[in-house]
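Engineer: Quick mapping for you: the protein sequence lines, in order, are chains A and B. Throughout the first sequence, residue numbering follows numbering that gives the first Met the number 0, covering 0 to 369 in sequence. Throughout the second sequence, residue numbering follows numbering that gives the first Met the number 0, covering 0 to 308 in sequence.
Keep in mind the hints are simulated off the structure, nothing from the lab. For glycine and all other residues, C-beta sits at the position ideal for the given N, C-alpha and C. Where hints are given, some of them may not hold.
To be verified - Calculated pairs, BS3-like style, for lysine-lysine (alpha carbon to alpha carbon, straight line, at most 30 Å):
id, chain 1, residue 1, chain 2, residue 2
1, A, Lys210, A, Lys331
2, A, Lys131, B, Lys228
3, B, Lys297, B, Lys228
4, A, Lys341, A, Lys275
5, A, Lys331, A, Lys245
6, B, Lys297, A, Lys93
7, A, Lys328, A, Lys210
8, B, Lys86, A, Lys131
9, A, Lys93, B, Lys58
10, A, Lys169, A, Lys210
11, A, Lys131, A, Lys114
12, A, Lys183, A, Lys76
To be verified - What the simulated footprint calls covered on chain B by chain A, stretch by stretch (three residues with Cβ under 8 Å from a Cβ of chain A suffice, anywhere in the stretch; the number is not a length):
id, stretch
13, 201-212
14, 218-226
What the hints assert, rightly or not - These stretches of chain A come out as covered by chain B in the derived footprint (C-beta under 8 Å, 3 or more residues):
id, stretch
15, 80-87
16, 273-280
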Amino acid sequence: MTSGVAVDLDDIWIRFGDFVAVREANVAIRGGDFFSFLGPSGCGKTTILRAVSGFLEPSQGQVRIGGRNMAGIGPNKRPTALIFQNLALFPLMKIWENISFSMEVTGASVAERRKRADELLDMIALSGQGDKLPSELSGGQKQRVAIARALCANPDVLLLDEPLSALDLKLRQHMRTELREIQKRVGITFIYITHDQGEALTMSDNVAVMKAGVIEQIDNGHDIYDHPATPFVASFVGENNVFRGKVIQINGNEAVIRSNRSGDLLSRITPAAVGKLRVGDDAMMFIRPEVLQPGAAEEDGRNTISANVIHEEFEGNSFSVLLEGEGGKTIKMAVPNAGQDKISNRGEMLSLHYAPANAVVMPAAELASE
Amino acid sequence: MKRKMIFSDFFRNNGLVMGGMLMGLVGFWLIFLIILPQLSMLDYSFRHNLPPAELGGPKDVYTLSNYQHLLYGSDTTHQSYNTVDLKVFLRTIFAAMMVTVFNIILCYPLAYFLGQSKGSGLVRLLVVLLIIPYWINEILRAFALRIIFGENGLLNEVLLFLHLAEAPIDFIRQDIALYAGLGYAYILLMLFPIYNVIESLDRNQIEAARDMGASWIRIHRRIVIPHAKPGIASGATMVFMLSAGALAAPQILGGPSSLWFTQLVYQWFNDSLNWQQGAAYAIVLLVATITIVLTVMKLFRVNMGDIGK
Numbered sequence: 000m001t002s003g004v005a006v007d008l009d010d011i012w013i014r015f016g017d018f019v020a021v022r023e024a025n026v027a028i029r030g031g032d033f034f035s036f037l038g039p040s041g042c043g044k045t046t047i048l049r050a051v052s053g054f055l056e057p058s059q060g061q062v063r064i065g066g067r068n069m070a071g072i073g074p075n076k077r078p079t080a081l082i083f084q085n086l087a088l089f090p091l092m093k094i095w096e097n098i099s100f101s102m103e104v105t106g107a108s109v110a111e112r113r114k115r116a117d118e119l120l121d122m123i124a125l126s127g128q129g130d131k132l133p134s135e136l137s138g139g140q141k142q143r144v145a146i147a148r149a150l151c152a153n154p155d156v157l158l159l160d161e162p163l164s165a166l167d168l169k170l171r172q173h174m175r176t177e178l179r180e181i182q183k184r185v186g187i188t189f190i191y192i193t194h195d196q197g198e199a200l201t202m203s204d205n206v207a208v209m210k211a212g213v214i215e216q217i218d219n220g221h222d223i224y225d226h227p228a229t230p231f232v233a234s235f236v237g238e239n240n241v242f243r244g245k246v247i248q249i250n251g252n253e254a255v256i257r258s259n260r261s262g263d264l265l266s267r268i269t270p271a272a273v274g275k276l277r278v279g280d281d282a283m284m285f286i287r288p289e290v291l292q293p294g295a296a297e298e299d300g301r302n303t304i305s306a307n308v309i310h311e312e313f314e315g316n317s318f319s320v321l322l323e324g325e326g327g328k329t330i331k332m333a334v335p336n337a338g339q340d341k342i343s344n345r346g347e348m349l350s351l352h353y354a355p356a357n358a359v360v361m362p363a364a365e366l367a368s369e
Numbered sequence: 000m001k002r003k004m005i006f007s008d009f010f011r012n013n014g015l016v017m018g019g020m021l022m023g024l025v026g027f028w029l030i031f032l033i034i035l036p037q038l039s040m041l042d043y044s045f046r047h048n049l050p051p052a053e054l055g056g057p058k059d060v061y062t063l064s065n066y067q068h069l070l071y072g073s074d075t076t077h078q079s080y081n082t083v084d085l086k087v088f089l090r091t092i093f094a095a096m097m098v099t100v101f102n103i104i105l106c107y108p109l110a111y112f113l114g115q116s117k118g119s120g121l122v123r124l125l126v127v128l129l130i131i132p133y134w135i136n137e138i139l140r141a142f143a144l145r146i147i148f149g150e151n152g153l154l155n156e157v158l159l160f161l162h163l164a165e166a167p168i169d170f171i172r173q174d175i176a177l178y179a180g181l182g183y184a185y186i187l188l189m190l191f192p193i194y195n196v197i198e199s200l201d202r203n204q205i206e207a208a209r210d211m212g213a214s215w216i217r218i219h220r221r222i223v224i225p226h227a228k229p230g231i232a233s234g235a236t237m238v239f240m241l242s243a244g245a246l247a248a249p250q251i252l253g254g255p256s257s258l259w260f261t262q263l264v265y266q267w268f269n270d271s272l273n274w275q276q277g278a279a280y281a282i283v284l285l286v287a288t289i290t291i292v293l294t295v296m297k298l299f300r301v302n303m304g305d306i307g308k
């Protein structure tokens with residue numbers, strides 16, 4: 000595996016008039032990494048990608064590719080290749096012409112272009128399809144052609160702008176694996192933009208989670224999921240139940256919060272908040288649906304949440320139970336399917352417990368999705 | 000089979016009454032406004048110009064003499080060609096082609112600018128400004144150009160004032176006014192089809208090509224122009240057909256010595272009252288322009304179906 004080229008974003012600000020699209024982005028992407036920017040639409044992730052590809056210049060800060068400052072270098076001169084959300088294949092050109100367009104630009108002969116296109120078609124398992132038009136291919140095939148076209152110029156960095164969003168679920172899952180494999184094979188740096196946390200978590204070495212122009216956390220997928228740095232990350236990545244309360248006790252990395260509605264809850268403090276949380280602070284605790292389990296905790300009066308069952312859904316691999324806690328708070332619980340007929344009855348009062356190590360607590364903040 | 004299904008679908012979707020009405024209107028248009036008048040012209044063009052008394056008589060037979068007149072003039076021995084009319088004919092076709100090419104060159108960049116800077120209010124205002132002059136009658140517009148291009152016209156005064164010309168230039172006699180007038184008369188019919196196709200071009204394709212290192216020239220040659228081809232073709236067809244068949248601009252802006260082929264047709268119909276001869280000339284012009292349009296479309300690999308889009 001060749002070692003890829005590093006991409007550094009150094010204190011990037013991007014403004015459109017008064018609107019700040021990206022605020023103080025500092026990202027160091029290692030060479031050969033599969034790096035994702037994850038966030039809801041409008042969070043500025045595509046803007047960052049455009050700054051890396053050269054379609055816009057940051058208002059402030061530096062983009063460095065392989066240590067080289069990219070200021071003033073146009074998209075056609077950067078060692079990056081961009082895959083567009085709608086792929087932007089050239090509809091009037093044959094597949095092989097599409098793939099080898101970057102060679103046409105440099106004046107390569109038809110024979111050379113054809114040869115390279117055929118090699119790339121082999122790589123994406125579309126051998127012999129070079130003479131077709133893009134409209135004659137399926138969605139997944141077009142996807143692969145777009146990748147081949149971007150790889151044809153041997154870029155140091157491949158930039159992908161939600162390229163899977165137009166595909167259906169099965170194909171999307173298949174393409175995740177395929178993209179990851181292609182990335183391993185060619186060994187170059189991939190920067191991937193997505194609003195789909197599943198894509199970001201499955202494919203990436205590292206993920207930057209963005210909200211409203213601000214990067215909230217950069218970590219590997221596992222840490223993003225298990226150790227969210229901010230309430231936004233905790234609620235945006237995966238599902239989470241939120242409990243608010245005051246910190247009444249701190250023991251090292253653990254804190255007890257007195258929930259306004261559910262009694263005392265013990266939880267691990269998320270690494271980013273260790274040392275910042277003090278007794279008496281307002282705090283938020285997050286418990287994932289799969290962490291909650293039916294039944295009271297062994298420790299009396301602690302870590303037990305009681306709630307009424309509203310309804311239960313069978314989702315194949317799990318049961319999803321929607322409950323109403325004290326004060327009308329909705330709580331979601333996911334129980335793996337181990338052959339049970341059902342978990343609960345409608346209207347039944349359930350006690351739920353969780354392992355403190357699987358919950359996280361952090362300083363309180365506003366949360367739109369709560 | 001397939002055609003039958005289109006019709007039955009049409010009636011199912013619109014109902015028998017509405018469908019019948021729509022079909023009837025289209026049929027009326029096609030038959031009474033297009034096919035029958037053309038057939039009648041065609042019929043005229045093969046007949047002798049006879050006084051009413053002899054119509055239907057033994058002299059009322061089909062003849063090629065009207066077509067021969069364009070080729071050989073009134074010379075019945077067919078020794079010398081009708082150089083005057085033939086020259087006018089060729090000049091008309093050539094000039095209409097030049098006007099078309101000129102319009103393409105002028106409209107493509109403008110249409111690209113308008114089509115790709117979408118959504119801005121300024122652009123919409125620009126489009127409206129382009130249309131406003133066309134609210135005025137074509138003949139009045141031609142007269143306006145005549146005033147601008149006249150010996151004491153605006154253009155000459157400006158040129159003299161700036162000392163770019165020593166004496167007034169006779170734009171009318173040199174046919175500059177005529178070509179400018181023809182070019183201006185139908186320029187929107189070139190602009191809007193190109194504007195429409197360019198507006199439908201996915202911007203990402205341009206960015207993708209740029210990302211892959213393509214220069215602006217290559218982007219236009221490989222991406223934008225191929226995409227805009229149907230629009231260019233439909234604009235060129237309309238401008239060419241209408242320029243070749245224009246009457247107002249040549250009548251008003253043409254120099255005293257220059258004749259447009261349609262003026263000859265007009266003279267046959269109106270001055271000589273020889274409709275048969277006029278019809279033959281009109282048919283020749285029609286067939287020639289259609290042939291040229293189809294040939295050029297074949298040359299540039301444009302399908303008839305693409306133009307309708």
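Engineer: Each hint needs a verdict: does it hold in this structure or not?
Structural biologist: Each hint tested on the structure:
no., hint, result
1, A:Lys210 / A:Lys331, "holds, 24 Å"
2, A:Lys131 / B:Lys228, "holds, 21 Å"
3, B:Lys297 / B:Lys228, "holds, 12 Å"
4, A:Lys341 / A:Lys275, "violated, 42 Å"
5, A:Lys331 / A:Lys245, "holds, 22 Å"
6, B:Lys297 / A:Lys93, "holds, 21 Å"
7, A:Lys328 / A:Lys210, "holds, 25 Å"
8, B:Lys86 / A:Lys131, "violated, 49 Å"
9, A:Lys93 / B:Lys58, "violated, 63 Å"
10, A:Lys169 / A:Lys210, "holds, 28 Å"
11, A:Lys131 / A:Lys114, "holds, 16 Å"
12, A:Lys183 / A:Lys76, "holds, 25 Å"
13, 201-212, "holds (count 10)"
14, 218-226, "holds (count 4)"
15, 80-87, "holds (count 6)"
16, 273-280, "violated (count 0)"
Hints 4, 8, 9 and 16 from the earlier list are contradicted by this structure; the remaining hints agree with it.
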